[in-house]
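Going down the list, the sequences are from chains U and X. So for the first sequence, the working numbering puts the first residue at -1; every next one is plus one. So for the second sequence, the working numbering puts the first residue at 124; every next one is plus one.
Hint data in this document are derived by calculation from the structure and do not stem from the laboratory. Just so you know, even glycine gets a beta-carbon here, dropped at the ideal spot from N, CA and C. There may be inaccurate statements among the hints.
[Said to hold, decoys possible] Derived coverage of chain X by chain U (criterion: at least 3 residues anywhere in the stretch with Cβ under 8 Å from a Cβ of chain U; other residues may be distant):
| # | stretch |
| --- | --- |
| 1 | 295 to 306 |
| 2 | 328 to 339 |
[To be verified] Simulated pairs of lysine to any residue, SDA-like, Cα-Cα distance not exceeding 25 Å:
| # | chain 1 | residue 1 | chain 2 | residue 2 |
| --- | --- | --- | --- | --- |
| 3 | U | 7 | X | 472 |
| 4 | U | 14 | X | 417 |
| 5 | U | 14 | U | 97 |
| 6 | U | 11 | X | 451 |
| 7 | U | 11 | X | 510 |
| 8 | X | 517 | U | 18 |
| 9 | X | 514 | U | 104 |
| 10 | U | 62 | X | 417 |
| 11 | U | 23 | U | 56 |
| 12 | U | 14 | X | 130 |
| 13 | X | 517 | U | 52 |
| 14 | U | 14 | X | 296 |
| 15 | X | 483 | U | 34 |
| 16 | X | 128 | U | 3 |
| 17 | X | 514 | U | 114 |
| 18 | X | 483 | U | 88 |
| 19 | X | 517 | U | 10 |
| 20 | X | 517 | U | 22 |
| 21 | U | 11 | X | 465 |
| 22 | X | 229 | U | 22 |
| 23 | U | 65 | X | 482 |
| 24 | X | 517 | U | 59 |
| 25 | U | 62 | X | 517 |
| 26 | X | 483 | X | 499 |
| 27 | X | 141 | X | 152 |
| 28 | U | 133 | U | 109 |
| 29 | U | 14 | X | 419 |
| 30 | X | 483 | U | 114 |
| 31 | X | 296 | X | 217 |
| 32 | U | 11 | X | 148 |
| 33 | U | 88 | U | 34 |
| 34 | U | 125 | X | 521 |
[As the list claims (entries may be wrong)] Far from chain U, some chain X residues (derived; all Cβ distances over 10 Å):
| # | residue |
| --- | --- |
| 35 | 165 |
| 36 | 169 |
| 37 | 209 |
| 38 | 440 |
| 39 | 442 |
| 40 | 445 |
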Amino acid sequence: MDNFQLYSKKVLKHVKDPQNIGEIKNPDGVATVGNPVCGDIMRLYLKIAKRKTQKEKQEEDYIKDVKFQTLGCGAAIATSSMITTMVKGKNFKDAGKITNQAVAEALGGLPLNKMHCSVLAAEALQKAIKNYQQKQKK
Amino acid sequence: MLKKKIYLDYAATSPVTKEVLAAMKHYFSQDYGNPSEPHLWGQKARFAIDKSRQKIADFLGAKPQEIIFTSGATEAINLAHKGLIEAIRDTQNGKPHIITSLIEHKAVLETCQHLEKLNWAEVTYLPVDKDGLIKIEDLKKAIKPETVLISVMYVNNEVGIIEPIREIGQLIKKINQSRITNHQSPIYFHTDVTQALQYLNCNVDYLGVDLLSLSGHKFYVPKGVGLLYFRKKTPLVRQQDGGGQEYRLRAGTENVPYIVGLGKAIELVQQNKVQSVKLIKGLREKLVKGILKNQGVRLMGSSEKNAPHIATFLVEGAEGEAMLLLFSEKGIAVSSGSACTSGLLQPSHVLTAMGVPPEKSHGSLRFSLGKENTSKEIDYVIEIFPEIINKLRKMAPNLDIFNR
Ligand SMILES: Cc1ncc(COP(=O)(O)O)c(C=O)c1O
Ligand code: FES
């Protein structure tokens, strides 16, 4: 019962109260991705910091803060909101493992024709990390 | 805060009213006979259908023999277009030509495409201007000797624009007079009045139409019943074969209770027309005024030539489905023509035909009014509208002007 809606309760909750909305001034990594299918835009900002790993006492980069801006449908908003909560505090190795399926699952599933919105969120994250790594090389 | 739900999606469908339900009730388990049977049970049902048909014929200024009950406008439209072309394609010199518009309901557009695919007809799709109006001049230019059918909707369901049906009817009448003297076959004229019935004059002679279709669920009848009016002598081949029901033009045991409901609802439309036009017009004016107070919002359609129950806006910097969800969360039902809202992820073909680029129709929002709406409800919608769009605009990238 109660499962009559197109979107899960979690998706609707994120649409109503999205997490980590906004902009990070002078971000360490940023990426804007667009969806050619329906014309939405998503931008993801990362603040990166260094910390000691527990075991080897080495230094690693991790995502200290993350924010997003999205112009798009309910699924686009919910997936961007969800992915920010999933990556916050993670190192790149773990953040890199977050697939769009994982985001969709964390939201209690998405309708089939809305999966591409989650692809966009995952793509924004990958590109923002890459953007940071490229900046480091310079 | 208002706890009551506010339904503003009457152009999609409407609730069944008490009166209609009461009229139908009798025919489910009491007078449930098959109208084709000569016994008392059957004849009671037959009588009920006939009565409903007569009421509807009176309303449309037609004869009862010119009304075919169907499962809705979609079926009526399919029957009108396919049935006519099938009936005349052998009598025609050359491939039959249909003229329709780019803003028709999918039922018309897909049916025309089907006929093209079968190679049974050639179709011209007329463009519309920025308000959604077709130009009579374009229509005149499109007419050729092979033209047998012109199909233009009365009121568009997405923006509410009223097409010049009577004017087209008069034009066709003139052309047909000379065609008949030259022993050519006439042009038949179809219009879909599904969104017009409650508010505009739908008399078939006033409009000058030969074929007219409608669905009941837009005016408080259950989903799944509608009709096709066809002017006497309009050639038509039935598209659903079987028994001899509906003057042998639509086989299948009649949906007696729903047909009774349709008749009752049309009777109510007739009784309440003046009053309900006034009420709904007033509510729409109020809504439009209130919504347009917000920046970056545009009203679609035309201010003079619009049906009173539909108001569609383009909102900059907010996506339609997201707005719809936030409205729904507040207990308000609205709709949108954005690509994200459609199952096929395509922007509304109507807005596209009106020259709206996809990134603009992305922010389309349709309010459609009905008889249950009140002035208080409109106040509430106007009050929370800025809240909703500002929330989404704050979320959106790169739209600094709106991030106040
Ligand atoms: C103008 C118009 N024509 C046709 C239809 C189709 O009606 P139905 O789905 O009941 O066949 C609708 C409603 O969706 C409509 O608004
Ligand atoms: S953003 Fe368009 S469907 Fe999700």
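Hints and how they fare:
1. With 0 residues having a beta carbon nearer than 8 Å to a beta carbon of chain U, the stretch 295 to 306 of chain X misses the requirement of three or more and the stated coverage is violated.
2. Counting residues of the stretch 328 to 339 of chain X whose CB lies closer than 8 Å to any CB of chain U gives 0, so the stated coverage by that chain is violated, three being the minimum.
3. Proximity of residue 7 of chain U to residue 472 of chain X is assessed by CA-CA distance (about 31 Å); at most 25 Å being required, the pair is judged violated.
4. Of the pairs offered as hints, the one joining residue 14 of chain U and residue 417 of chain X holds, with about 21 Å between alpha carbons and a cut-off of 25 Å not exceeded.
5. With a C-alpha separation of about 24 Å, the suggested pairing of residue 14 of chain U with residue 97 of chain U holds against the 25 Å cut-off.
6. The suggested pairing of residue 11 of chain U with residue 451 of chain X holds, with an alpha-carbon distance near 12 Å, which does not exceed 25 Å.
7. Proposed proximity of residue 11 of chain U and residue 510 of chain X is supported: the alpha carbons are some 17 Å apart, at most 25 Å.
8. For the suggested pair residue 517 of chain X and residue 18 of chain U, the alpha carbons sit about 12 Å apart, so the restraint of at most 25 Å is met.
9. A hinted pair counts as satisfied when its Cα atoms are at most 25 Å apart, and residue 514 of chain X with residue 104 of chain U qualifies at roughly 24 Å.
10. With a C-alpha separation of about 38 Å, the suggested pair residue 62 of chain U and residue 417 of chain X falls outside the 25 Å cut-off, and the hint is violated.
11. Note on residue 23 of chain U and residue 56 of chain U: the hinted pairing is violated, with a Cα-Cα distance of about 28 Å set against a maximum of 25 Å.
12. Between the alpha carbons of residue 14 of chain U and residue 130 of chain X the distance comes to roughly 20 Å, so the proposed pair stays at or under 25 Å and holds.
13. Note on residue 517 of chain X and residue 52 of chain U: the hinted pairing is violated, with a Cα-Cα distance of about 39 Å set against a maximum of 25 Å.
14. Simply put, residue 14 of chain U and residue 296 of chain X have alpha-carbon atoms about 56 Å apart, too far for the 25 Å limit, and the pair is violated.
15. Using a Cα cut-off of 25 Å, the hinted pair residue 483 of chain X and residue 34 of chain U holds, with the two alpha carbons roughly 14 Å apart.
16. Distance hint between residue 128 of chain X and residue 3 of chain U is fulfilled; the C-alpha atoms sit about 17 Å from each other, no more than 25 Å.
17. The hinted pair formed by residue 514 of chain X and residue 114 of chain U meets the criterion: a straight-line CA distance of about 23 Å does not exceed 25 Å.
18. Straight-line distance between C-alpha atoms of residue 483 of chain X and residue 88 of chain U comes to about 37 Å, which puts the hinted pair past the 25 Å bound.
19. Taking the CA atoms of residue 517 of chain X and residue 10 of chain U, the gap is near 18 Å; set against the 25 Å cutoff, the hint holds.
20. Only pairs whose Cα atoms come within 25 Å are accepted, and residue 517 of chain X paired with residue 22 of chain U is accepted, the gap being roughly 14 Å.
21. Distance hint between residue 11 of chain U and residue 465 of chain X is fulfilled; the C-alpha atoms sit about 22 Å from each other, no more than 25 Å.
22. With a C-alpha separation of about 45 Å, the suggested pair residue 229 of chain X and residue 22 of chain U falls outside the 25 Å cut-off, and the hint is violated.
23. Straight-line distance between C-alpha atoms of residue 65 of chain U and residue 482 of chain X comes to about 24 Å, which keeps the hinted pair within the 25 Å bound.
24. With a C-alpha separation of about 30 Å, the suggested pair residue 517 of chain X and residue 59 of chain U falls outside the 25 Å cut-off, and the hint is violated.
25. Among the hinted pairs, residue 62 of chain U with residue 517 of chain X is consistent with the structure: their alpha-carbon atoms are about 23 Å apart, no more than 25 Å.
26. For the given pair, residue 483 of chain X sits about 30 Å from residue 499 of chain X by alpha-carbon distance, which is inconsistent with the 25 Å threshold.
27. Between residue 141 of chain X and residue 152 of chain X the CA atoms are separated by roughly 18 Å; this keeps the pair inside 25 Å, and the hint holds.
28. Of the pairs offered as hints, the one joining residue 133 of chain U and residue 109 of chain U is violated, with about 37 Å between alpha carbons and a cut-off of 25 Å exceeded.
29. Taken as a hint, the residue 14 of chain U and residue 419 of chain X pair is honoured in the structure, with Cα atoms around 22 Å apart against an allowance of 25 Å.
30. The hinted pair formed by residue 483 of chain X and residue 114 of chain U meets the criterion: a straight-line CA distance of about 21 Å does not exceed 25 Å.
31. About 22 Å separates the Cα atoms of residue 296 of chain X and residue 217 of chain X, which keeps this hinted pair within 25 Å; it holds.
32. Note on residue 11 of chain U and residue 148 of chain X: the hinted pairing is violated, with a Cα-Cα distance of about 41 Å set against a maximum of 25 Å.
33. This hinted pair does not check out: residue 88 of chain U and residue 34 of chain U have alpha carbons roughly 30 Å apart, beyond 25 Å.
34. Straight-line distance between C-alpha atoms of residue 125 of chain U and residue 521 of chain X comes to about 18 Å, which keeps the hinted pair within the 25 Å bound.
35. No beta-carbon of chain U is positioned within 10 Å of the beta-carbon of residue 165 of chain X; the least distance is around 39 Å.
36. No beta-carbon of chain U comes within 10 Å of the beta-carbon of residue 169 of chain X; the shortest separation is about 39 Å.
37. No beta-carbon of chain U is positioned within 10 Å of the beta-carbon of residue 209 of chain X; the least distance is around 35 Å.
38. Taking the minimum C-beta to C-beta distance to chain U, about 7 Å, the non-interface status of residue 440 of chain X is violated against the 10 Å cut.
39. A beta-carbon of chain U is positioned within 10 Å of the beta-carbon of residue 442 of chain X; the least distance is around 5 Å.
40. A beta-carbon of chain U is positioned within 10 Å of the beta-carbon of residue 445 of chain X; the least distance is around 6 Å.
Hint violations for this structure: numbers 1, 2, 3, 10, 11, 13, 14, 18, 22, 24, 26, 28, 32, 33, 38, 39 and 40, all remaining hints satisfied.
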